[in-house]
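A.B. asks: Residue numbers (this note's numbering), protein chains in the order written: chain A, 1 to 501; chain B, 1 to 127; chain C, 1 to 323.
Don't read these hints as lab results, they were simulated from the structure. Careful: at least some of the hints might be erroneous.
[Unchecked claim] For each label pair, taking beta carbons as the anchor points, the in silico distance ranges come out as:
1. A/Pro387 <-> B/Phe50: 20 to 26 Å
2. A/Ile371 <-> C/Asn117: 56 to 62 Å
3. C/Gln274 <-> A/Pro17: 54 to 60 Å
4. C/Ala313 <-> B/Leu22: 56 to 62 Å
5. B/Ile26 <-> A/His288: 24 to 30 Å
6. C/Pro237 <-> A/Pro17: 55 to 61 Å
7. A/Met18 <-> C/Leu235: 30 to 36 Å
8. A/Tyr195 <-> B/Leu28: 27 to 33 Å
[Stated by the list, open to error] Below, a list of computed lysine to any residue pairs in the SDA-like style, where the Cα atoms sit at most 25 Å apart:
9. A/Lys196 <-> B/Leu67
10. B/Lys95 <-> B/Phe50
11. A/Lys196 <-> B/Leu55
12. C/Lys109 <-> A/Leu391
13. C/Lys155 <-> A/Phe24
14. B/Lys95 <-> A/Thr181
15. A/Lys428 <-> B/Ser31
16. A/Lys196 <-> B/Ile103
17. C/Lys156 <-> A/Leu391
18. A/Lys382 <-> B/Leu67
19. C/Lys156 <-> A/Pro468
20. C/Lys180 <-> A/Leu391
21. A/Lys385 <-> B/Ser31
22. C/Lys306 <-> C/Thr85
23. C/Lys87 <-> C/Gln303
24. C/Lys60 <-> A/Pro50
25. C/Lys109 <-> A/Thr181
26. A/Lys382 <-> B/Gly21
27. C/Lys141 <-> A/Gly459
28. B/Lys87 <-> A/Ile386
29. A/Lys382 <-> B/Thr68
30. A/Lys428 <-> B/Asp109
31. B/Lys96 <-> A/Leu391
32. B/Lys87 <-> A/Val182
33. A/Lys385 <-> B/Thr68
34. C/Lys158 <-> A/Thr466
A virtual CB, placed ideally from N, CA and C, is assigned to each residue, including glycine.
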Amino acid sequence: MDILRDLMFGFSVAMLPMNLLYCFIGVLVGTLIGVLPGIGPPAALSLLLPATFHVPPVSAVILLAGIMYGAMYGGSTTSILVNIPGEAASVVTCLDGYRMALQGRAGAALGISAFGSFIAGTASIFLLIFLAPTLAQFALRFGPPEYFSLMILGLSILVYLAKGSIVNALIMVCFGLLLGTVGLDPMTGVPRFVYKITTLMDGIGLVQIVIGLFGVSEVFLNVERTFKQEILKTKIRGLLPNREDWRRSIGPIGRGTVIGFFLGVIPGMSVVIPTFISYTLEKRLSKHPEKFGTGMIEGVAGPEAANNAASCGTLVPMLSLGIPTGAATALLLGALMIHGLRPGPLLITESPEVFWGVVASLYVGNVMLLILNLPLIPLWVKILKIPYHYLFPLILLFCIIGSYTTNNNPYDIIIMIIFGVIGYVMRKLDYEAAPLVLALVLGPIMENAVRRSLVISDGDFTVFFTRPISAFFLIAGLLILFSPLLLKKTRVSAELRAGEE
Amino acid sequence: MGEMRDPGAGFFPLLIGLVTGLLALIALVQSLREKKEINEATAPRSTEPFRWWNLVVISAALIAYALTLTTLGFVINTFLFMLILLKVIEPQTWKKAVLASLITAVTSDLFFNVLLGAQIPSGILGF
Amino acid sequence: MKINRLGTCICLFVLAVCVLGTTPAAAQDYPKGPIQLVVPFSSGGATDIFWRTLGEQFSKNLKANIAIVNKPGGGGIVGMSTVVTAKPDGYTLCAGNSDTLDITPLFTKDLPFDTINDLTYMVKVANFPQTLVVRTDSLFKTLDDVIAFARTNPKKLKASTPGFGTNPYMALQLLNYDAKAEIVPVNFTGGGENVTAVLGGHVDLGAVALPPVKSQVLAGKIRILAIFSKERHPLYPDIPTAYEKGYRQTLVDTGMGIVGPKGLPAEVIKKWEQVVQTTLKDPAVISAIHKFDFVPDYQTGDQYKKEIVDEFALFKKIISQSK
Numbered sequence: 001m002d003i004l005r006d007l008m009f010g011f012s013v014a015m016l017p018m019n020l021l022y023c024f025i026g027v028l029v030g031t032l033i034g035v036l037p038g039i040g041p042p043a044a045l046s047l048l049l050p051a052t053f054h055v056p057p058v059s060a061v062i063l064l065a066g067i068m069y070g071a072m073y074g075g076s077t078t079s080i081l082v083n084i085p086g087e088a089a090s091v092v093t094c095l096d097g098y099r100m101a102l103q104g105r106a107g108a109a110l111g112i113s114a115f116g117s118f119i120a121g122t123a124s125i126f127l128l129i130f131l132a133p134t135l136a137q138f139a140l141r142f143g144p145p146e147y148f149s150l151m152i153l154g155l156s157i158l159v160y161l162a163k164g165s166i167v168n169a170l171i172m173v174c175f176g177l178l179l180g181t182v183g184l185d186p187m188t189g190v191p192r193f194v195y196k197i198t199t200l201m202d203g204i205g206l207v208q209i210v211i212g213l214f215g216v217s218e219v220f221l222n223v224e225r226t227f228k229q230e231i232l233k234t235k236i237r238g239l240l241p242n243r244e245d246w247r248r249s250i251g252p253i254g255r256g257t258v259i260g261f262f263l264g265v266i267p268g269m270s271v272v273i274p275t276f277i278s279y280t281l282e283k284r285l286s287k288h289p290e291k292f293g294t295g296m297i298e299g300v301a302g303p304e305a306a307n308n309a310a311s312c313g314t315l316v317p318m319l320s321l322g323i324p325t326g327a328a329t330a331l332l333l334g335a336l337m338i339h340g341l342r343p344g345p346l347l348i349t350e351s352p353e354v355f356w357g358v359v360a361s362l363y364v365g366n367v368m369l370l371i372l373n374l375p376l377i378p379l380w381v382k383i384l385k386i387p388y389h390y391l392f393p394l395i396l397l398f399c400i401i402g403s404y405t406t407n408n409n410p411y412d413i414i415i416m417i418i419f420g421v422i423g424y425v426m427r428k429l430d431y432e433a434a435p436l437v438l439a440l441v442l443g444p445i446m447e448n449a450v451r452r453s454l455v456i457s458d459g460d461f462t463v464f465f466t467r468p469i470s471a472f473f474l475i476a477g478l479l480i481l482f483s484p485l486l487l488k489k490t491r492v493s494a495e496l497r498a499g500e501e
Numbered sequence: 001m002g003e004m005r006d007p008g009a010g011f012f013p014l015l016i017g018l019v020t021g022l023l024a025l026i027a028l029v030q031s032l033r034e035k036k037e038i039n040e041a042t043a044p045r046s047t048e049p050f051r052w053w054n055l056v057v058i059s060a061a062l063i064a065y066a067l068t069l070t071t072l073g074f075v076i077n078t079f080l081f082m083l084i085l086l087k088v089i090e091p092q093t094w095k096k097a098v099l100a101s102l103i104t105a106v107t108s109d110l111f112f113n114v115l116l117g118a119q120i121p122s123g124i125l126g127f
Numbered sequence: 001m002k003i004n005r006l007g008t009c010i011c012l013f014v015l016a017v018c019v020l021g022t023t024p025a026a027a028q029d030y031p032k033g034p035i036q037l038v039v040p041f042s043s044g045g046a047t048d049i050f051w052r053t054l055g056e057q058f059s060k061n062l063k064a065n066i067a068i069v070n071k072p073g074g075g076g077i078v079g080m081s082t083v084v085t086a087k088p089d090g091y092t093l094c095a096g097n098s099d100t101l102d103i104t105p106l107f108t109k110d111l112p113f114d115t116i117n118d119l120t121y122m123v124k125v126a127n128f129p130q131t132l133v134v135r136t137d138s139l140f141k142t143l144d145d146v147i148a149f150a151r152t153n154p155k156k157l158k159a160s161t162p163g164f165g166t167n168p169y170m171a172l173q174l175l176n177y178d179a180k181a182e183i184v185p186v187n188f189t190g191g192g193e194n195v196t197a198v199l200g201g202h203v204d205l206g207a208v209a210l211p212p213v214k215s216q217v218l219a220g221k222i223r224i225l226a227i228f229s230k231e232r233h234p235l236y237p238d239i240p241t242a243y244e245k246g247y248r249q250t251l252v253d254t255g256m257g258i259v260g261p262k263g264l265p266a267e268v269i270k271k272w273e274q275v276v277q278t279t280l281k282d283p284a285v286i287s288a289i290h291k292f293d294f295v296p297d298y299q300t301g302d303q304y305k306k307e308i309v310d311e312f313a314l315f316k317k318i319i320s321q322s323k
């Protein structure tokens, strides 16, 4: 088969000693950066892009792809250990991963995260190889109406994210949506909620909000009273996932991979969204949904797989069409351009060694990451043993650095602090941060989508229903919203019948 | 606000505002109804004193860090930040605090600015 | 003992500050040390890559290190605002894109600074052109087709842009004005979404900067109908300009230049003008610029400023008349 031959060719390129070295450097540096709070693949890539100038083209792309992957693997580390999302997409991992760490199961969480990412990554690469061209064409059919309907679907899933009161969760959703409107309106240039503060012109940074809401607020909570030494003294029960963990995680990993990859293909789809969907799906499918949020390993395995698969998915339009799907792929495209390569439909024919070499190196990188990360687990777990009075200033320092380096703007740190306080208050009042984050990501996409759709259709609302893909998502969304009512009816009537007998 | 053909910038915020208001009312009503159960639920979690001061100091230190970063530069700022937090929250000896702060400041500078090429400012003293 | 050590530390500290915090170097010896060039866009974008590549060249000719710092936000305003308040000694400069300088003030009130009067315009370096494109399978084969259709069907044609107030958006509005057509802009966010919208057939036309769309053109997926520059692009001599078709006002190139805080000494400006002029004569540099589809365009500081001021006036006129 042609593809196999090309793949072999790709491997021959990827396995060149120089490229192997670059791959290794990439994943190593990527992991280290990814571990830092708030610095995810886009930031890691932008930090290191200048360093790739003097590197030969193929190696440069391999290096950058390695960084992207590494950053993604590393992002979950801090989420699990200290409740700080390493990147926006790792927010969901905080929910159950951190709880697992508190129960002494950090090793298992980290382990399943690494394995899940590996399995998802490998599977996605194969999906990419075989499905790239078809998927890319499919992705192009996503226009503003399709995005809107997809976002509606996403919002309807939000209802299931809530652990506690649904009303509170909805309020958080509204708050998130509102926060998403801050900044210059992209369609008319009108400043909204900017109040002449320059930093806010592009909106409030997701990274700063997330670090503040999760990481900084966690520090505040722990510092209220003399440090609860119980957190740290919990015995570390096993460093790797045990058989029971694996049994429970295989399903979520599989589902997460599928969700992540296919959603990641859609241009402009944030990598965050598939992780939320995976989490909610696992919660829905679980026999103990109420336990989610207390340390269920499915809540770590699924989203981490989705995360990795989605990153791979974003490469599909980039490699086959030359279209950037998000910040990370835009940077990769930029890198290709600097090196004189021309990303786009011609890349695969003009520079097959680049295309296939990169694809092969993705696989190599994945393997390297697994080998790299597993031995690091005991090291990470040891970090938890650092006395909290040394640990928390370090945590705060890394939060600061993560917030600052996104835009080199010191006022971003202030935003982080503000959201740290807000997050603290929210935790006290039983408001959850997760729905807010999802709404923050979904809101702008949804709003822009609906407005553009209406401009294109001249104000005709039926456009959302007449286009097949859009209609599909809308109906799915409505079904999901109303399914509990349907299910409740059957459960209630079953109980009634049981009671009567 | 714009018309249907071209929804304006104010449309979405207004919509959200309305929904939020509605939800807030619902929440209010719910909480009023639950008032009777509140007393049993709010047993204090811990008998330890609530240390307001800690939160204030940390917040102040964070804000100060943000404001002085460009003037003092990364290394000095980090050093002072760590020092303050280590001395005030759970007081360590001067020796330990200074040493830890110094090590942290220097290694992070090496790691971020030198190794990674981040652009964290150097401040007026040039480092 | 403790007080003595503390006292010594303080003295050393003060001494260090005095020694190191010297007054700015005399302008004649410019540049004496590294120069910080703020690129008010995010790393990896076309603008950033351009400046990084050129920055290296300028470094060589200036004999000083140029450190690029990315400060994205507000279409360039955030980064630029940090330079406006910097010391006018020539060691903190900003890479200026014309959209930030003459389009943003048109649409956004209450900017933290005045782009025309609070900056020193130092030198212009290059342009990158804007184009009007369609998907290759579109019925429109030339610009004339489009205009003819648009005139008889007002508000029916939709053209994607990378955002409100960007150069392609302005180009579209100018075209509407010149051709007395009413093509409706649909504003996306950035070149990526823009190109995707055209490729996916969600809009009829696209107003796009040249770099993002080039690979699609070469692959035969997108056709460029016209370029909005005054002269035909050296690399694409087959593509007509809107200007030659009679649309005299539709001239929108994104100009790339360097600006600094108000009050920069003349020697600093002169030095930069010299260096840029020399660098742009180098054929290797020219071909590197061409690789990005940019067109080198050296202008002195005064010429640069005049260009921006004139463009601003033109845009202002068109926008107020099309309301």
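A.B. asks: Indicate, hint by hint, whether the structure satisfies it.
C.D. replies: Verification of the supplied hints:
no., hint, in the structure
1, A/Pro387 <-> B/Phe50: 20 to 26 Å, "holds, 22 Å"
2, A/Ile371 <-> C/Asn117: 56 to 62 Å, "holds, 59 Å"
3, C/Gln274 <-> A/Pro17: 54 to 60 Å, "violated, 45 Å"
4, C/Ala313 <-> B/Leu22: 56 to 62 Å, "violated, 49 Å"
5, B/Ile26 <-> A/His288: 24 to 30 Å, "holds, 28 Å"
6, C/Pro237 <-> A/Pro17: 55 to 61 Å, "violated, 45 Å"
7, A/Met18 <-> C/Leu235: 30 to 36 Å, "holds, 33 Å"
8, A/Tyr195 <-> B/Leu28: 27 to 33 Å, "holds, 28 Å"
9, A/Lys196 <-> B/Leu67, "holds, 19 Å"
10, B/Lys95 <-> B/Phe50, "violated, 28 Å"
11, A/Lys196 <-> B/Leu55, "violated, 30 Å"
12, C/Lys109 <-> A/Leu391, "violated, 45 Å"
13, C/Lys155 <-> A/Phe24, "violated, 54 Å"
14, B/Lys95 <-> A/Thr181, "violated, 49 Å"
15, A/Lys428 <-> B/Ser31, "holds, 16 Å"
16, A/Lys196 <-> B/Ile103, "violated, 40 Å"
17, C/Lys156 <-> A/Leu391, "violated, 61 Å"
18, A/Lys382 <-> B/Leu67, "violated, 34 Å"
19, C/Lys156 <-> A/Pro468, "holds, 23 Å"
20, C/Lys180 <-> A/Leu391, "violated, 66 Å"
21, A/Lys385 <-> B/Ser31, "violated, 41 Å"
22, C/Lys306 <-> C/Thr85, "holds, 23 Å"
23, C/Lys87 <-> C/Gln303, "holds, 24 Å"
24, C/Lys60 <-> A/Pro50, "holds, 17 Å"
25, C/Lys109 <-> A/Thr181, "holds, 18 Å"
26, A/Lys382 <-> B/Gly21, "violated, 47 Å"
27, C/Lys141 <-> A/Gly459, "violated, 28 Å"
28, B/Lys87 <-> A/Ile386, "holds, 17 Å"
29, A/Lys382 <-> B/Thr68, "violated, 33 Å"
30, A/Lys428 <-> B/Asp109, "violated, 36 Å"
31, B/Lys96 <-> A/Leu391, "holds, 14 Å"
32, B/Lys87 <-> A/Val182, "violated, 38 Å"
33, A/Lys385 <-> B/Thr68, "violated, 32 Å"
34, C/Lys158 <-> A/Thr466, "holds, 19 Å"
Going through the hint list in order, the structure does not satisfy hints 3, 4, 6, 10, 11, 12, 13, 14, 16, 17, 18, 20, 21, 26, 27, 29, 30, 32, 33.
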